[in-house]
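**Student:** Construct the entire structure; sequences and hints are all you get.
There are 4 protein chains.
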Amino acid sequence: MIRIGIVGGTGYTGVELLRLLARHPQAEVRAITSRKDAGTRVAQMFPSLRGSVDLAFVEPAQADLRSCDVVFFATPHGVAMGQARELVAAGVRIVDLAADFRLADAAEFERWYKMPHACPELLAEAVYGIPEMNREAIRNARIVGNPGCYPTAAQLGFLPLVEAGLVDTTRLIADCKSGVSGAGRKAELNLSFSEASDNFAAYGIAGHRHHPEIVQGLGRRSKTPVKVVFTPHLVPMIRGILATLYAPLLDRDADLQALFEARYAGEPFIDVMPKGSLPDTRSVRASNVLRIAVHRPPDSDLALVVAVEDNLVKGAAGQAIQNMNLMFGLPETTGLEAIPVLP
Amino acid sequence: MIRIGIVGGTGYTGVELLRLLARHPQAEVRAITSRKDAGTRVAQMFPSLRGSVDLAFVEPAQADLRSCDVVFFATPHGVAMGQARELVAAGVRIVDLAADFRLADAAEFERWYKMPHACPELLAEAVYGIPEMNREAIRNARIVGNPGCYPTAAQLGFLPLVEAGLVDTTRLIADCKSGVSGAGRKAELNLSFSEASDNFAAYGIAGHRHHPEIVQGLGRRSKTPVKVVFTPHLVPMIRGILATLYAPLLDRDADLQALFEARYAGEPFIDVMPKGSLPDTRSVRASNVLRIAVHRPPDSDLALVVAVEDNLVKGAAGQAIQNMNLMFGLPETTGLEAIPVLP
Amino acid sequence: MIRIGIVGGTGYTGVELLRLLARHPQAEVRAITSRKDAGTRVAQMFPSLRGSVDLAFVEPAQADLRSCDVVFFATPHGVAMGQARELVAAGVRIVDLAADFRLADAAEFERWYKMPHACPELLAEAVYGIPEMNREAIRNARIVGNPGCYPTAAQLGFLPLVEAGLVDTTRLIADCKSGVSGAGRKAELNLSFSEASDNFAAYGIAGHRHHPEIVQGLGRRSKTPVKVVFTPHLVPMIRGILATLYAPLLDRDADLQALFEARYAGEPFIDVMPKGSLPDTRSVRASNVLRIAVHRPPDSDLALVVAVEDNLVKGAAGQAIQNMNLMFGLPETTGLEAIPVLP
Amino acid sequence: MIRIGIVGGTGYTGVELLRLLARHPQAEVRAITSRKDAGTRVAQMFPSLRGSVDLAFVEPAQADLRSCDVVFFATPHGVAMGQARELVAAGVRIVDLAADFRLADAAEFERWYKMPHACPELLAEAVYGIPEMNREAIRNARIVGNPGCYPTAAQLGFLPLVEAGLVDTTRLIADCKSGVSGAGRKAELNLSFSEASDNFAAYGIAGHRHHPEIVQGLGRRSKTPVKVVFTPHLVPMIRGILATLYAPLLDRDADLQALFEARYAGEPFIDVMPKGSLPDTRSVRASNVLRIAVHRPPDSDLALVVAVEDNLVKGAAGQAIQNMNLMFGLPETTGLEAIPVLP
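Residue numbers (numbering that gives the first Met the number 0), protein chains in the order written: chain E, 0 to 342; chain F, 0 to 342; chain R, 0 to 342; chain X, 0 to 342.
Among these hints, one or two may not hold up.
What the hints assert, rightly or not - Derived DEER-like restraints, expressed as beta-carbon distance ranges:
#1 Arg34/F to Pro297/X: 30 to 40 Å
#2 Ala88/F to Pro297/X: 50 to 60 Å
#3 Glu107/R to Thr333/E: 47 to 57 Å
#4 Arg22/F to Ala264/X: 18 to 28 Å
What the hints assert, rightly or not - Output of the computed footprint for chain R on chain E, the stretches with three or more beta carbons under 8 Å from beta carbons of chain R:
#5 17-23
#6 44-54
#7 277-290
#8 334-341
By construction, these hints were calculated from the structure, which means they are not laboratory data.
Quick caveat: nothing in here was measured; it's all calculated off a predicted structure.
All C-beta atoms in this analysis are idealised placements derived from N, C-alpha and C, irrespective of residue type, glycine included.
**Tutor:** Here it is in structure tokens:
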């Protein structure tokens, strides 16, 4: 059994980790911490876990994280990097669901997250946690920076085109739409039901923290410079991200369907849809699957890719467990076989 | 033109007052106050009012409320009673959309709202603002306590039965369902989209502040003591209240349809639905109409009444304006003729 | 492995059976029939099953149902009773998710479903499939009538009070609210998003087919005659039923919390909530759990019970599998351990 | 008073016409037709109109449309062109809310709508009904082709850029999102609440009928050829369209904010938002306003425009009445002053 610690378990990624790990045959959650709610039973805060999770939140100080095999950070940005040195020194491996270890360049991190990086030397060895891009490196990683929800969909959607050098990588557009849970478990007026339901809006056009992450990831696989226009939108639904991706084709004759099917052949969690079809977000609800369709819009020289994922699973907790499975030599799908909930 | 002041205009009842008054031919909103947002343009906070409302929020101190004909309090409980004496002394009439002037018994107010009443002598003269129950008294009132959203639907639904002495008033049940806007414009976790949507729950069973208001209102029209079991529920919709009301019949042969049609004949905002039909909340969305249907469930001795209203209009701002129209001798429907928005 | 046939798999109960059975360690779905969609791949109609279900719908005639151990009918009313004799004669056991085997009285069935019963002699032996009420009988049943969604919540909510003789069984009120999926996978105007969302309504007050089912089930456990007023409502959510149940108490001093905890002690799928708490539908979303809370409303002699379930799981497909587990001597929770999806 | 006939009033554009016209001071709806529902009271089908609309649907044959001043066609495509000759000959003016008179090229119409055009000679004189583009022509039009919902938002969003020759008109992208009511009042499975809510998807990528309409409209105002990639998406909300528009800039130094403010100065229904802000669909709910924001995404040479409208008002019935006001010399805003309903 893998001994697991969770730091900051009161958000949606935390409860999703608990939901998935409680049914993971090799996982044993030893401790879950929360400054604010120490002492509270987990199942009292999340009645959906009654009968399945018999833990209480503990003070970070009282959690013996160093005796864990792996620690998940489901915290705000800046927490993981503060504890990473001590844990790594103790032989504990880390999966950070926040942004501390996503951007390889400390200056870039500082620019977007407005705080100095606490352990640049660990940042240098941290592995970016998209298995479909970094599988081998993740196996041996001591620290995995688990990707953002938008970047997972956007990168995996553009990836085959960029790797194949088929598109003008300086004119990419990612028009992305996310359910409200992507904003986290927060008491914010603009996220309240009366404000967010029966409504649709764009936001973050002037600059979103997931932007540099997308550019970095695609840049590593591209022979040419990568520029992306990234436009996030808020959808009145709980879970789900849909990314509508536009890329100018350099070769109009390429067989895009074959390209995508070849690139993702054998990937357990990537489903390339049949030619001509389109995925909807509910088709992956509560599962770790990402479904992709690639199209050629009429009267254009563009490739149009539509990718959907559950922002809390493949976009967060599920991918974190997929990474853990790799890090500990387990079959990659262990504990992640749940079928999407439809309707 | 009626010179109007609005105290505390940043909530949903405040913006709804502005939406309705901006198209009221006899209304002139002179000032709208907000401690927190003084200086902010109203249309900046509420883009829906761009081009229609050219006011900024002002400090309560700077608002010359005493030069108004009427002041609406769209504030938390406790504010109106603190300013009532001064305003009334200045000849300003008051419509309080909060609870300060709803409960005639100061002790009862104190018990439910956990604060002493600041002006019991004015409480004694305040009129409870349901025109269909108190029309004449409202015309001459200096202070109107505008009812709660649930009490409006529950009282108007039970009223014909209670007035006619047809039911056992000690065994009334009001199973009520409200849209989320009824909780106000608040940053609260339990009201967030991710918590409240695709979900349904009861709340406040142990005691809700609208309970004594319902009992008081019906008690005044009943020859027998009134007891009500009141169960509020939260519905994943923005606007609307539906009250499902159960009353044990003393006379099984009464013509309930005729009773309701007679009681509400000529009422401009009460629509008694045809026999056998049922109203839905969207049929009154954004309007001041309350629709009622009365039924006899099979194999029972109960009267079953279903009443729907828009909690922000007939349940709050619309009824407040209906009261204002009465207080200033205007046709009762002035500025309230809007047709429900469907779909 | 249990060899399973599913008749009529294109509705929501059908796809839910497939979702659950695909991960059931002892289940092997041999055939799934559909007249209309014979030949279509299941995963083409339900992309959520891509990669998990590798079956195509077949003509009922071509499905070798007699070689199955059990056949689930996820069909409209009237289909199961037409095939029951032949299947039972062949030694196949039946779980009917429709109403053919719910009402023990053929005349009552005929009255509510407007068709003669095709096999009254089998109706006589059929077992009503609520394990918490009929566990032993279900183990040996050849035919199980799987309950309706409303009746499951209403009966299990009232049951402890009725069995204990604590309430006036002639004055029960079940004010029930259901998500839209309860109406099935249908192209009906009143179920369309533009009609049903941001809206709330009651329906079926004049008589609902689940009414006699509730009365029958409670009547069997009651020493006194049972009368129930049943008021269904449609909630703008996909899954979930919440039943608000009112029962006049004969004994005001009874410890209701202790009564419910004792009655359901050891039940794997019934969760009696802690005193003073209330369940919401999302706390059981996509799981087979039914959560119950019992309260005493202030200033009343009523017991108030709130019960929640997922109408497609404990209210349909999940309970059907729970029954199958009992019928084949498997642990009752096999394949039903999934944790509710929240948010 | 303008004597009005409505052909096909049982859809959402029909009921929206009735809602708006019932409060239009110069409008008198003389007749509303429906083959299917002739004889039914309008208010019986749409309870929201109880007390406001006292008409019944009549057989098209029995409606004396020739005595009307104007006839609105709120019908499926193909109906208006069948009656246009007779009505125009009788001096009746026509506003078609369907597509019969939108595309100037009969061949193009035939290609997209799969039917020959019944009156090409009238098509030649028909005016495309976006007042902000064709105001003068509309005043004198005998036939107005009222635009589609998507094309209204897409054209008005791109228009200032295209007219000014500031963008590469061959590489325009319109990523559009619509509420479900845009699909009409239909009993279709994919529009049902259980299918469409808590979900998001793209559709019609291979070719949507609104595509040629957008290209035609912008082409008329462009000195260069126009190519648009148009990607519609379905949003789980009732009303509202949001268009996210991307246009490659030819001149990076242009003051886009000033351009848009100048282009739409004095337009009563176009609201250019302050620099840096973004509109949401609810800010125009149930009103005829279209709000636009123009941005320059970081690290790109694109203009990004976000436009929102209510698809049933500015996208359909409201714009039709705006056209009628122009055609009959009324102030353009008559009957369209309603303030958006928020929340």
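**Student:** If a hint holds in the structure, say so; if it does not, say that too.
**Tutor:** Taking the hints in turn, this is what the structure says about them:
1. Arg34/F to Pro297/X: 30 to 40 Å: holds (37 Å)
2. Ala88/F to Pro297/X: 50 to 60 Å: Distance hint for Ala88/F, Pro297/X holds at roughly 58 Å.
3. Glu107/R to Thr333/E: 47 to 57 Å: holds (50 Å)
4. Arg22/F to Ala264/X: 18 to 28 Å: Because 24 Å falls inside the window, the suggested range holds.
5. 17-23: With 3 residues in contact (Cβ-Cβ under 8 Å with chain R), the coverage given for the stretch 17-23 of chain E holds.
6. 44-54: Answer holds; 7 residues pass the 8 Å Cβ test.
7. 277-290: holds (count 10)
8. 334-341: As far as the stretch 334-341 of chain E goes, the hint holds, because 6 residues have Cβ atoms under 8 Å from chain R.
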